[in-house]
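S.K.: Protein chains in written order, with our numbering: chain A, 3 to 392; chain B, 562 to 960.
The hints are simulated quantities; they were obtained by calculation from the structure and are not laboratory data.
Hints may contain errors.
Output of the computed footprint for chain A on chain B, the stretches with three or more beta carbons under 8 Å from beta carbons of chain A [claimed, not checked]: (1) 804-818; (2) 839-853; (3) 891-899.
Being a predicted model, the structure only gives us computed values, none of them experimental.
Note that the Cβ used here is the ideal one computed from N, Cα and C, for glycine as well.
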Amino acid sequence: MNLAILCGVILAGGQSSPPVARSVTNAVGEVKRETLANASQLVVECVPQADRLVVVLTLSTEGQEDTPATYGWRHLLEHLVARGPDGNLDTRIESQGMLLVPSTLRDASRFDVRGGPEQLNSALGFLGELTGPLQATDAQRETELRIMTEEFALISESSAAGTRAWRRVYGPTRMDPFGHPDTLARATLDDLDRLRRGLFVSNRMTLNIAGPGTVESMVEAGRDWLTKAPSPGFAAPTATAEAGALPTIASGLATSAALPVGAWDDPKAAARLGAALALADRAPDIDLIYTPARREGLIILVVPADGDLAGVLNVPDDELAYRAQQAQRRLSAWLGFQMGTLERRTQFRGLLASLSRRGRPERLVEIFQNLKTADFLAALRDWRRAEVGQ
Amino acid sequence: MMLLGLWAGLALQIKPGIAYAALPARAGDEIAYAATIRVPTPMSARERAAWIVLGESLLEGTRDYSRDTLLSYGSQAGRRPQVVVGDGLMRIEISAPALGGAAVAVPMLASMVTNPLLGPEELNESRRRASRPPSTVWNLGSQPWNLEIALVRDVEVRELYAWAFRPEWVTLSVGGAFKPVDSAHLRGQFADWTPGPGPRLRPGKDAALRSTTGKSAGWLGLVGPMISANSTELAAMVLCATALGVGKGSLLHRVIRDQDALSYRQEAFIRPDGQGFRLHVRLASQRMPETDALRVRMIESVRRWIETDRERAVALARANLTRGLTVGPIWLDDSGPYVPSAEGDAAWAGVFGALGVTPLRPGLLAEALDSVSLEQIKAMTEQALAVAIPQRISGTPSP
Numbered sequence: 003m004n005l006a007i008l009c010g011v012i013l014a015g016g017q018s019s020p021p022v023a024r025s026v027t028n029a030v031g032e033v034k035r036e037t038l039a040n041a042s043q044l045v046v047e048c049v050p051q052a053d054r055l056v057v058v059l060t061l062s063t064e065g066q067e068d069t070p071a072t073y074g075w076r077h078l079l080e081h082l083v084a085r086g087p088d089g090n091l092d093t094r095i096e097s098q099g100m101l102l103v104p105s106t107l108r109d110a111s112r113f114d115v116r117g118g119p120e121q122l123n124s125a126l127g128f129l130g131e132l133t134g135p136l137q138a139t140d141a142q143r144e145t146e147l148r149i150m151t152e153e154f155a156l157i158s159e160s161s162a163a164g165t166r167a168w169r170r171v172y173g174p175t176r177m178d179p180f181g182h183p184d185t186l187a188r189a190t191l192d193d194l195d196r197l198r199r200g201l202f203v204s205n206r207m208t209l210n211i212a213g214p215g216t217v218e219s220m221v222e223a224g225r226d227w228l229t230k231a232p233s234p235g236f237a238a239p240t241a242t243a244e245a246g247a248l249p250t251i252a253s254g255l256a257t258s259a260a261l262p263v264g265a266w267d268d269p270k271a272a273a274r275l276g277a278a279l280a281l282a283d284r285a286p287d288i289d290l291i292y293t294p295a296r297r298e299g300l301i302i303l304v305v306p307a308d309g310d311l312a313g314v315l316n317v318p319d320d321e322l323a324y325r326a327q328q329a330q331r332r333l334s335a336w337l338g339f340q341m342g343t344l345e346r347r348t349q350f351r352g353l354l355a356s357l358s359r360r361g362r363p364e365r366l367v368e369i370f371q372n373l374k375t376a377d378f379l380a381a382l383r384d385w386r387r388a389e390v391g392q
Numbered sequence: 562m563m564l565l566g567l568w569a570g571l572a573l574q575i576k577p578g579i580a581y582a583a584l585p586a587r588a589g590d591e592i593a594y595a596a597t598i599r600v601p602t603p604m605s606a607r608e609r610a611a612w613i614v615l616g617e618s619l620l621e622g623t624r625d626y627s628r629d630t631l632l633s634y635g636s637q638a639g640r641r642p643q644v645v646v647g648d649g650l651m652r653i654e655i656s657a658p659a660l661g662g663a664a665v666a667v668p669m670l671a672s673m674v675t676n677p678l679l680g681p682e683e684l685n686e687s688r689r690r691a692s693r694p695p696s697t698v699w700n701l702g703s704q705p706w707n708l709e710i711a712l713v714r715d716v717e718v719r720e721l722y723a724w725a726f727r728p729e730w731v732t733l734s735v736g737g738a739f740k741p742v743d744s745a746h747l748r749g750q751f752a753d754w755t756p757g758p759g760p761r762l763r764p765g766k767d768a769a770l771r772s773t774t775g776k777s778a779g780w781l782g783l784v785g786p787m788i789s790a791n792s793t794e795l796a797a798m799v800l801c802a803t804a805l806g807v808g809k810g811s812l813l814h815r816v817i818r819d820q821d822a823l824s825y826r827q828e829a830f831i832r833p834d835g836q837g838f839r840l841h842v843r844l845a846s847q848r849m850p851e852t853d854a855l856r857v858r859m860i861e862s863v864r865r866w867i868e869t870d871r872e873r874a875v876a877l878a879r880a881n882l883t884r885g886l887t888v889g890p891i892w893l894d895d896s897g898p899y900v901p902s903a904e905g906d907a908a909w910a911g912v913f914g915a916l917g918v919t920p921l922r923p924g925l926l927a928e929a930l931d932s933v934s935l936e937q938i939k940a941m942t943e944q945a946l947a948v949a950i951p952q953r954i955s956g957t958p959s960p
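My request is simple: use the sequences and hints to build the entire structure.
M.R.: Quick look at the structure:
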């Protein structure tokens, strides 16, 4: 199914007057997806006019999510792995005009290499360096712990409010991946290497390649890379450390409202997201936090502590129909944003594929298309009753 | 030097004195329109505070468009209108689909520039938002003067608007997949705008930087000397910034972060400031190093740069300028690096135009990087660091 066509349908269908509807038609190329014998997934997007290349390795964390005992360990592992076996990987990548962008999410760890159109082999070579044994020393681990403490001091008020909302709604069952100095300090190099061996295995891997090469050449290179991926065979590591008290994220400079939702393909999640996007248009200083999830997800609206969150959530009855209409438009614009650049689109495809073998943006388009005004009206009413807290 | 021959964008003066600038159009399905206002003389602390409130207030509605209409624009175009406030610079920007988007976007942009409401309610709300502490310590660097904001009176904001938003200080720009008819539409929308000159605000006393609460991370910056926007040294300065603080192979990342573990985020870049560009070094840290010790540490490291440092800087800066690598050495405002795109090109053209020069094409600047030697980069960086003015803001922002 062609995503571009479907987006066009959504943007045009049922709208009274979308004077400046955005299209992603030109941006999306031919997509080929396959599952290899070792259970890894390959997704290739051929964009002949692209002037660059994006390669994203997404590692599913299913069954290996952060717990109160291992809170932040994947994040620390990301810091150490990204240095490469010689501790100088970034410099070598950048010397070729390329970039490594690692990130740690609740449901996935992600390593993203960006480069020029001809640099696919280099990109895959660099990604391959990440899959080898952890070469870090204790001194490096200590240094990264100090750097991460600095990182925590920079967490935005919105992010902190989002984390507190997750804690309120799900408690320790859906830990954020940031970590806390106390739990991070308990992670030994052995712990981290066992975590790595459980994570960097073929059945957790989704490799996305997007660029101007031919589909055949990119598929061949991707297959070749994935067939060399380490096989699973290690039990998911359990923390040797005991769980401490759930660390707090202090602040109080922002207030959030949160609505729990299901997995990435839950229609109610889509309706609530659309409603949240429409509500975010009611004031200039609202942040919306949402990442599609494997199972339980959360949509969060955040305002500064002196913001009028209740005023935003409580849409007057005579405004509901208008906001419901806006919700549908906003949902299309949201997907358009995710798909709007090669980098965002490749990350988004990788995340959805890692969440589910059925995970793809085209499925979201179908879900969005099937939503009715009544779904958005119900979602807007749900937001009136959303759980609010500091 | 070769840069003198590189001014290949377009700059025009249009009636009644508004400038227009653009880079060549690029393929795609989006156009960005921007109006950049540049006050050519230094602002007092009071004026800077009023400037921030004014920037906030432009999204509070105009006489033609309600606040809700402005905010809901994103549901149609994917992105709200943006107001980016810098020191003496303000950019109002709106993006639209290339096909048929101008009819909505351009009048909206013009209305925000020429017809903002600036009523008591709008200014109250703007003052309230602008008075908030930044969301992260990193942003302290771009809001060092906001202690004054709560004191700014409505009349001061209105007077500042009337004084600063005058045609001869406005540069219109466009970027992305535009055609001549789109740029003509933009220019035509402002053709009849002839406001009378407003009074200048009386200068206020200079404000201190944000006060400390002494609890957590602080922010430290170094601001180097200015070079003009058409300087032959611009390519060298781009490489100084890149070698110093762009990417994880940069000096700041390798030394200040990886060796000294002093910070998580540290950046160097060039940014428009006054009449041209200045080199900026910024880092956030909970263990704020002494400025002079930091300066010495960096200069010692610069002296050890070798050819591979130059090569990395050239490769990275070129990748940013030519194919949109998302890290880069040229920041047009405090929000992050220039990246080739409709919005990026509109901002680039607007800034260069506002600085009074024809916009340099990013691709041609990239070509000029190869001719800069390692010794040039080392000498220029060391000199800039030696005379750079320190800025320190300590402590967790407090409400």
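S.K.: Evaluate each hint against the coordinates.
M.R.: Hints and how they fare:
no.	hint	in the structure
1	804-818	holds (count 6)
2	839-853	holds (count 3)
3	891-899	violated (count 0)
Going through the hint list in order, the structure does not satisfy hint 3, though it satisfies all others.
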